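S.K.: Sequence:
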Amino acid sequence: MLTPNHVVIAAKAVLFVGAASAVTLMLGPFQGLEEAFGLSDKAAHALAFGGLTAMAFLAFPKMRRNDLAIAAILLGASAEIAQLFAHRSASFTDFAADVAGIAVVYLASHIEAVRRDARERGAMRFSDISAQRQRRRRRKSSVVMPAAGPTESETAHGSFASRAAARFPREA
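Using UniProt numbering, you'd call the opening residue of the sequence shown number 1 and step up by one each time.
Read the hints as simulated data drawn from the structure, not as lab findings.
Keep in mind that this is a model prediction, so the values were computed, not measured.
Errors might be hidden in some of the hints.
So the derived label-pair ranges between C-beta atoms look like this [claimed, not checked]:
no.	residue 1	residue 2	range
1	Arg125	His87	52 to 60 Å
2	Pro61	Leu27	23 to 31 Å
3	His6	Ile129	29 to 37 Å
4	Ser130	Ala161	33 to 41 Å
5	Met63	Glu120	20 to 28 Å
6	Ala123	Leu27	47 to 55 Å
By construction, the Cβ of each residue, glycine as well, lies at the ideal position given by its N, Cα and C atoms.
Let the sequences and hints guide you as you build the complete structure.
M.R.: This is how it looks when you write it as structure tokens:
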């Protein structure tokens, strides 16, 4: 039976093979190989880094997309710097093509979130939606430590346990 975990494992394998292939093609003696497939150098860079970014999004579902996109951009920059030492031509336009491929996949990955917001909060401004999300994040992340003794509300209304016991008596 196919499960989402199987897809994640397959995406990790494809990501590993794709990254190894991209590094080999960018640093090895294979300059001009993309023309055999009818691609320009820039289109090959954009497709390679867009594909790697898409696989990274699938392979690491618990990581933030922002972090994965930044890692892909850093990989593109380091590939161009490494080309300087591999006696290849490093180019800022190749890096720009890498970033363009990453940006297309990154922006496309946000389509479902925008669709959900349009369904649930269609009349709200994006700034209001963002403020709601920040309040919810703060509420989730704030941990309240219980006081050592009963609080004012517990003494006035009884403790939670006593209120629950009164509301839901045990059946004997």
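S.K.: If a hint holds in the structure, say so; if it doesn't, say that too.
M.R.: Hints, one by one, checked against the model:
{"no.": "1", "hint": "Arg125 to His87: 52 to 60 Å", "in the structure": "holds, 53 Å"}
{"no.": "2", "hint": "Pro61 to Leu27: 23 to 31 Å", "in the structure": "holds, 30 Å"}
{"no.": "3", "hint": "His6 to Ile129: 29 to 37 Å", "in the structure": "holds, 34 Å"}
{"no.": "4", "hint": "Ser130 to Ala161: 33 to 41 Å", "in the structure": "holds, 39 Å"}
{"no.": "5", "hint": "Met63 to Glu120: 20 to 28 Å", "in the structure": "holds, 25 Å"}
{"no.": "6", "hint": "Ala123 to Leu27: 47 to 55 Å", "in the structure": "holds, 52 Å"}
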